[in-house]
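Next come the chains, spelled out residue by residue.
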Amino acid sequence: MSEEFREIRLTLNGMPAAARVPVRRSLVDALRQDFGHTGSHVGCEHGSCGACSVVLDGLVVRGCLVLAAAAEGASVETIEGASDSGRLARLQEAFYRRAALQCGFCTPGMLLTAAELLARNPRPSRAEIRHYLAGNYCRCTGYEAIVDAVEAAARG
Amino acid sequence: MKPAPFAYRRAASLDELFATLREFGDEAQILAGGQSLVPMLNMRIARPAILVDINRITAIDYLRREDGVVELGALTRWRGLEDWPETGAALPLLAAALPLIAHPAIRNRGTVGGSLALADPAAELPAVALALGGEMVLASAAARRTVKVEDFFQGLYQTALAPEEAIIAVRLSAPRPGERFAIYEVARRQGDYALAGAAIAAGAGGCRVAVFGVADRAMLSPAAATLADADPAAPAAAFADALAQDIVFLGDREHPAPIRRHLAGVAVRRALDRLAAPA
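Protein chains in written order, with the numbering used here: chain A, 1 to 156; chain B, 157 to 435.
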């Protein structure tokens, strides 16, 4: 079967953006390859690891499990936009202070997911933090420092 | 790990969806939340010729409670259920199941209709639907029909859906006075697939016991329900024996059928313990 392309327009980190993408391309691949935003990482490509997390119309989703073509017209926020906006600053500072990252591959997904948790539940317990981040894998830290950092950010 | 090429159509309405399904039949695959389908595409387990994206059909994204029945539009996302103020009162068993369904980012996107249409034997919703009782609303260009939940799931990833049909909604029974509910799941990690699970509704007329993750589909076990009514304190092994009267257990290399049988008994026992515990 020949490759089908589609012209997609979306709002990317608050700015209008457009690209012509193969319809089988995932949102995270399009963000990296067609829009030049490489902060979202491609890990397992089947929804297990959370490294590709992006915010689609206000909700954190797996960038590997949404087709770019399906995001036509949507508002997409990546770690680049979320970081530049300053809305992650408290979490980023807590991750830095607690050394809640090492290689950094999982960190964009961890930050976006943790920010969604804190928006829904400003004072989560450690168990609630673990529950919310359970879909984001980290192979470096053993998670303890990440839970500490989110807890610290919640305390402010 | 990228999908094989496919054609992509976005249906703006049910009429457009039905027209596309009629045109392409079983060449077409409906794309709802995609949280199971896209991994299968990426791994090339699924290779449809054409994907029909239904995510813009807002007419099937709704929750409605009326006359003892809760109707969930097929495009209802798990997050929508988590955020619906009435879920706890109208669907307490499903409310208890929601935290077990994958992870928050998956629940932001995954849909009720997608889970039912896939009929993954380890999924929570089919078992919840069986325990509650209800019916599926299916439709095609030609007709609309309802199928009882018990008749919808037919085997491993097999349902009563015809190639030209789509799930429009599922109608589940709302709690009757005094009815209690519990779900218990054994999984290796939070959000991972169930190795075994049990969903129970206990009302005036007795228990309904559904298990998932242990056979080719979620299944009701009348024998386990009879035992739960007759001897609510029966041990897990007795429930495993009762389940075996109704269910052919299936396993894999890591968790073969005898382990699934054992875990299913444990899941029923622990779900009953939750039922007994004060709310």
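I should point out that these hints are in silico values taken from the structure, not numbers from a laboratory. Incorrect hints may appear among the rest.
To give an idea of the interface, some chain B residues facing chain A are shown, with a C-beta separation under 10 Å as derived from the structure [unchecked claim]:
#1 157
#2 158
#3 160
#4 162
#5 163
#6 164
#7 189
#8 194
#9 198
#10 205
#11 207
#12 255
#13 265
#14 392
#15 422
No residue lacks a Cβ here, since even glycine has one placed at the ideal position from N, Cα and C.
Going down the list of hints, with the structure as the test:
no., hint, result
1, 157, "5 Å, holds"
2, 158, "7 Å, holds"
3, 160, "7 Å, holds"
4, 162, "6 Å, holds"
5, 163, "5 Å, holds"
6, 164, "4 Å, holds"
7, 189, "8 Å, holds"
8, 194, "4 Å, holds"
9, 198, "5 Å, holds"
10, 205, "7 Å, holds"
11, 207, "8 Å, holds"
12, 255, "7 Å, holds"
13, 265, "5 Å, holds"
14, 392, "26 Å, violated"
15, 422, "22 Å, violated"
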